[in-house]
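Chains as they are written, first to last, in the numbering used here: chain P, 6 to 362; chain R, 6 to 362.
Derived by calculation from the structure, the hints in this document are not laboratory data.
Incorrect hints may appear among the rest.
Each pair may be met inside one copy or between any two copies, as identical chains are not told apart.
To be verified - Here are the simulated EDC-like pairs of lysine to aspartate or glutamate, each with C-alpha atoms no more than 20 Å apart in a straight line:
1. K317 <-> E148
2. K301 <-> E29
3. K317 <-> E153
4. K301 <-> E148
5. K163 <-> E224
6. K222 <-> D347
7. K222 <-> D41
8. K301 <-> D286
Number of protein chains: 2
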Amino acid sequence: MTLKTKIIENFGTPCPVIDMDVVERNIARVQALCDDAGVANRPHIKTHKSPRLAKMQIAAGAKGITCQKLGEAEVMANAGITDILIATNLLGAARSGRLAALQRRLPLKVCADNPVTLGAYAAAAQVAGRPLDVVIECDTGQERAGVETPNEALELAKIIKDNPSLRFAGLLFYPPLEGWPATQVFWNSVSAGLSDLALEAEIVSTGGTPNFVNIGKLEGATEHRAGTCIFNDRMMMDAGVAALSDCAFSVYTSVVSRAGAERGILDAGSKTLTSDQGGLDGYGFILEHPNARIHKFAEEHGFLDLRGCNEKPSVGDIVRVIPNHVCVAVNMVDQLVAVRGDEIIEVLPVAARGMLV
Amino acid sequence: MTLKTKIIENFGTPCPVIDMDVVERNIARVQALCDDAGVANRPHIKTHKSPRLAKMQIAAGAKGITCQKLGEAEVMANAGITDILIATNLLGAARSGRLAALQRRLPLKVCADNPVTLGAYAAAAQVAGRPLDVVIECDTGQERAGVETPNEALELAKIIKDNPSLRFAGLLFYPPLEGWPATQVFWNSVSAGLSDLALEAEIVSTGGTPNFVNIGKLEGATEHRAGTCIFNDRMMMDAGVAALSDCAFSVYTSVVSRAGAERGILDAGSKTLTSDQGGLDGYGFILEHPNARIHKFAEEHGFLDLRGCNEKPSVGDIVRVIPNHVCVAVNMVDQLVAVRGDEIIEVLPVAARGMLV
Chain P
6 MTLKTKIIEN FGTPCPVIDM DVVERNIARV QALCDDAGVA NRPHIKTHKS
56 PRLAKMQIAA GAKGITCQKL GEAEVMANAG ITDILIATNL LGAARSGRLA
106 ALQRRLPLKV CADNPVTLGA YAAAAQVAGR PLDVVIECDT GQERAGVETP
156 NEALELAKII KDNPSLRFAG LLFYPPLEGW PATQVFWNSV SAGLSDLALE
206 AEIVSTGGTP NFVNIGKLEG ATEHRAGTCI FNDRMMMDAG VAALSDCAFS
256 VYTSVVSRAG AERGILDAGS KTLTSDQGGL DGYGFILEHP NARIHKFAEE
306 HGFLDLRGCN EKPSVGDIVR VIPNHVCVAV NMVDQLVAVR GDEIIEVLPV
356 AARGMLV
Chain R
6 MTLKTKIIEN FGTPCPVIDM DVVERNIARV QALCDDAGVA NRPHIKTHKS
56 PRLAKMQIAA GAKGITCQKL GEAEVMANAG ITDILIATNL LGAARSGRLA
106 ALQRRLPLKV CADNPVTLGA YAAAAQVAGR PLDVVIECDT GQERAGVETP
156 NEALELAKII KDNPSLRFAG LLFYPPLEGW PATQVFWNSV SAGLSDLALE
206 AEIVSTGGTP NFVNIGKLEG ATEHRAGTCI FNDRMMMDAG VAALSDCAFS
256 VYTSVVSRAG AERGILDAGS KTLTSDQGGL DGYGFILEHP NARIHKFAEE
306 HGFLDLRGCN EKPSVGDIVR VIPNHVCVAV NMVDQLVAVR GDEIIEVLPV
356 AARGMLV
């Protein structure tokens, strides 16, 4: 029996599948890249949201993990992971009491780019009875979160220093691909100011899978956080940082309609693969029909344009789709079916899926 | 204490909230529209995925419900709902045995547009020991699923008639807004052919919330299936079928960063509100700042362009976002917080969330 038949008979379609050989290879490669650059590896679990996979990353040499939400950190802490950095301003988690509750159990590393967040963190740390380690988010070109100047970073460092519920832990960068020289200038300036404050940055963190091309280029960097590299996706192939053979995740989906000669419908739409195009044309790469184009999604329909295909798929065919953006696709599903070769070996819960707070 | 404070202290942010007064008003209005048009109401539960809300729709007069996935039908059946139409070709559910298992428990209405799907249905019905009611999906302009001609519909009707495991139940249309005259021509032609086959269509179904402007215009229609109208969203406002006061669903989200003078960050991104723009500009309407523009999403960041705002939000402010497309936003979350006025009254599980199969 083929793997496709096993998948549809055991799980139906659409079905999200990961190839564990590829996962293991990706984990090892990323660890080697960090080791070679002399920075610690702190993988971002936003991509897989699985304690099992996080532990595989730690077993391979990762220092700890990065989360984006407090709820993700709760799931990872419940699984026994202790070195956790949460890389966003956590106002909702702080004001709801959940940050204090988790900080009481284990010392977290949290992130802030403004005094309001710092105030909420101090209040949570006081409830927890244990000071919070805080890294300051700094922006060197993304225009997302993060203070824009070294002076603002130092002002926040002073606030942290003066508050006994907070402890200064360092800086968090998410440099654009071309922004590493600017990040060096930013860090050098902050570094000098920190000496004047008698503060030391234990953590100087960079991030992003595409940024592995830059790893090692920031003098003073201590660790790197990347998520997508465990699975990879069409965006990473487009960026030139992954080959098709590096893509571990695909959705097995059935062709369920061929109502027109040049078109068809998959049973996976925006509620499975998401509308996140990541700047690419179409919505995913079909392994069996590289010239088929998924040109539109309804919620449960993937619209196929088959004009480019010599051999067109038939109703009942099962095809594998590599999504444009794997992180958001994994977040749609409650479990991943893990395979090795033609065997189904395990079902992994996406335990930290849908953690809003 | 304000409702916003109650929400963040009890649940954190982002938090999906429904206003039950608006929900009840929307349910009643849609039922009245169907009653006035003389067609049965078969609401599509893809929007709310909540057995509790489905039962409110039935209590208000709905004949039954529509699902898009077998997994959704399982959840609704487990809650005691018995009249269920599933409006897609269900190959994955048929081949995995789940369709047979549910059909054994209660007679389902399923949908097909091709002989392969009919074959899978017949096999499932045989395992279930009870024939499946089948409606034939017909396309009058969407170019999604659905046979393109009355002749193809009649050929499928013949296959159904000749298979003792299947029973012909009627036709399913999803007419484009301007496609109702073409749908009438299609139906008239099929209707004549059905008489020759000695078959009768118990169900002639139309669909879509925007199509309430057309309801009553298809002679022979027996029922209408619409989903979005229970909550409404920015797309429905844009289409002119809902006012702001008809929007029952919003996401309470915190402003977590204001790193630039003209920009800010919300703690809700594509993993909360989705990248589904529905053809509109930006990603959602902010009730407190109608001139703020959510111009981009990262996974957990909403990027605010505040250049149009006289009063700009501050870090720590809680704002409410009405999503462009509510159906996909609800599918991101495990529960909805139901409020009435300034009171939190209930937490509703989105029990059929994430049903892939």
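Of all the hints given earlier, name the ones this structure violates by number, lowest first.
Violated hints (numbers, rising): 2, 5 and 6; every other hint is consistent with the structure.
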